[in-house]
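Participant: Starting from the given sequences, assemble the full structure and let the hints guide the process.
As given, the protein sequences belong to chains A and B, one line each in that order. Position 210 (the first sequence) corresponds to 210 in my numbering; numbering is contiguous. Position 151 (the second sequence) corresponds to 151 in my numbering; numbering is contiguous.
Just so you know, the hints here were simulated from the structure itself, not pulled from any lab data. Fair warning: there could be bad hints in the mix.
Said to hold, decoys possible - To list a few chain A residues with every Cβ distance to chain B over 12 Å, as calculated:
(1) D24
(2) R117
(3) H198
(4) C346
Said to hold, decoys possible - Each computed DSS-like pair below joins lysine-lysine, with the alpha-carbon atoms no more than 30 Å apart:
(5) K10(B) / K129(B)
(6) K129(B) / K187(A)
(7) K247(A) / K370(A)
(8) K113(A) / K133(A)
(9) K187(A) / K133(A)
(10) K113(A) / K226(A)
(11) K129(B) / K70(A)
(12) K129(B) / K113(A)
(13) K362(A) / K350(A)
(14) K129(B) / K133(A)
(15) K371(A) / K226(A)
Being a predicted model, the structure only gives us computed values, none of them experimental. The C-beta atom is built at its ideal place from N, Cα and C for all residues, glycine as well.
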Amino acid sequence: MSPAGPLIEARGLRVERGGAVILDVPLLTVEEGEVLSFIGPNGAGKTTLLQTLSYLLRPFEGTLLFRGRKVGSDLPVLAYRRALAMASQEPLLFDTTVFENVSSGLRIRGVPKREMRSAVLDWLALFGVGGLKDRSARSLSGGEAQRVSLARAFAIRPDVMLLDEPFGSLDPRSREPLIEDMQAILKKTRTTTLFVTHDLMESLRLSDRIAVMDRGRICQIGPADKVLNAPVDEFVASFVGTGTILKGRILRENGDTVLVSVSGSGEAIESVGAFPVGETVLLCIRPENVTLSVPSGRAGSEDPLLTSARNLFSGAVTRVSPMGFYQRIDLDCGFPLVSYVTLQSCEALKLTEGRRVTASFKATAVHMIKKTGDPGENP
Amino acid sequence: MELILEGLRKAFWLLVTFDPEVMGITLLSLKVSGIATLVSLVIGISVGAVVALTRFPGRRIAVTLINTGMGLPPVVVGLFVSILLWRNGPLGFLEVLYTPTAMIIAQAVIATPIVMGITVAAMQQLPRKLRQQILALGATRVQLVLIMTREARLPLLAAVMAGFGGVISEVGASIMVGGNIKGYSRVLTTATVMEASRGNFDTAIALGIILLILAYGVNLVLTHIQQRERPR
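Facilitator: So this is what it looks like as structure tokens:
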């Protein structure tokens, strides 16, 4: 926490609709200048959270502090709302020109004409739509409309920007360049941003911290690498693309590491971590941390691989699936294991179904989560 | 047939000579119905916007009442406004019965539900999220209503046309609260009724034609604006 305290602090946020709790966030703090993204499946409560934070969805339980002032008592709701701006999946432009659209937030605030004009032109240019200023908003393409919508939100120079799936309805051709422009703009302006998406890659590209949501709750919040490499539960692990999630039981401690038997196989995996012997755990292994190798074919290459990785398993390729720039390789090593390799490696190693390979990963690449929910089950 | 031809001939003559009495009647019609429409726009759009944009108990009943009011029979309105404005009625102290003011009141009562009903429909037709977006841009409640009104301006033009069309052509209320006093509270519709009952069909036809031209002219202008705004 910075010495000045968080920009936004939400306590005990709770929204109920029709008897069901659709949002339950005991504490959320947003630091000045950070980009915090909320990811999760549909219905996880991401949009509800954003709308509650912007006081657009009422009633709700809980308190909101903005720069330490309680919204609604120390700080009028209107003043708080005027510190925010929002852009959502639909551009929701007004039925007028592009210029008038982008100036609307400033006009609402009574900004003088000259100042307004230069701000509007600046933001239109930053979003690459300066040439459209006199066009009717109705005549824009989806990508153009979304850029105008974002320029309208940024033109206010808000203290907090709320983005609700801003790239959600765009085709890849207009989406990619817009995400790149957005990265540059966020970096340049250091605007505190809350960003809702269901796309992990989008959130990784834009945010400093990630909050994974499910069923109205924040399951985990933290820096991207922490969430990716150390998910707190099975849901987060699967949502952030962990690839391999195995159930196991701690066999023995080995100094800094433990040996974990993998349920349903005779294999054991070495992992960094401290859990008591006999504990049931989930083992999470990210696919990018699993390295594949094949015997070189030269004489005397029967020797075991020389590697610092503590886990070496031989197995067969069960499936090869293209994933864009890399290939996803599913293996059967007595237990299922997933690895990502580049297209070149895939060709060089001649990875096809049935091919025998050696998979290796470090003990530090294994993240263990205490398994809850089914005690007494035998591994 | 001769009667109609004679009527048309007389109407043409009254029109091209700018007959002072006919012109007076026409101007009063425009004035009374114009002001009544303006009053109904102010009340109808503001109340209609509030009904469309807020949630309150009994809202559904309110909307039903507004929609029913869109078909209010002018004679019934005339009757109740007369009773209210009678010298010993609740609003008798105003002393406006049998004046153009009373006609404006009655016509505004007729037009307001029409404007209100169309406003509710027009505003509800705008995306719900648009409202959130306007609030997120920092709008006050008044600014919200103003921006939503601007967004709904095309269907609201229909409200203007329907409201004006409803009152310029009604006769029942005007005759009851205005009294059809020559040179004072006589408008096109009341004069037409009177001339026809006296057997002066030529004058009645002339007045009827003027009424049609008026209604057509106003709607022509509004329709032109409406269609120009739709380049899609």
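Participant: If a hint holds in the structure, say so; if it doesn't, say that too.
Facilitator: Hint-by-hint comparison with the structure:
Under the 12 Å C-beta cut-off, the non-interface status given to D24(A) relative to chain B holds; the minimum distance is some 22 Å. The claim that R117(A) is not at the interface with chain B holds, since no C-beta of that chain comes within 12 Å of its own (minimum 18 Å). With a minimum CB-CB distance of about 18 Å to chain B, H198(A) clears the 12 Å threshold, and the non-interface call stands. With a least CB separation of 45 Å from chain B, C346(A) remains clear of the 12 Å interface cut-off, as annotated.
With a CA separation close to 58 Å, the supplied pair K10(B) and K129(B) exceeds the 30 Å bound. Among the hinted pairs, K129(B) with K187(A) is consistent with the structure: their alpha-carbon atoms are about 29 Å apart, no more than 30 Å. Between K247(A) and K370(A) the alpha-carbon distance is near 10 Å, which keeps this suggested pair within the 30 Å criterion. Restraint check: the Cα-Cα separation between K113(A) and K133(A) comes to about 16 Å, which is no more than 30 Å; the hinted pair holds.
Under the criterion of a C-alpha separation no larger than 30 Å, the hint pairing K187(A) with K133(A) is consistent with the structure, at around 25 Å. As the CA atoms of K113(A) and K226(A) are separated by approximately 47 Å, the hinted pair breaks the 30 Å bound. As the CA atoms of K129(B) and K70(A) are separated by approximately 26 Å, the hinted pair is consistent with the 30 Å bound. Between K129(B) and K113(A) the alpha-carbon distance is near 28 Å, which keeps this suggested pair within the 30 Å criterion.
Between K362(A) and K350(A), the direct Cα distance comes to roughly 24 Å. Compliance with the 30 Å bound is thereby established for this hinted pair. Distance hint between K129(B) and K133(A) is fulfilled; the C-alpha atoms sit about 24 Å from each other, no more than 30 Å. Of the pairs offered as hints, the one joining K371(A) and K226(A) holds, with about 19 Å between alpha carbons and a cut-off of 30 Å not exceeded.
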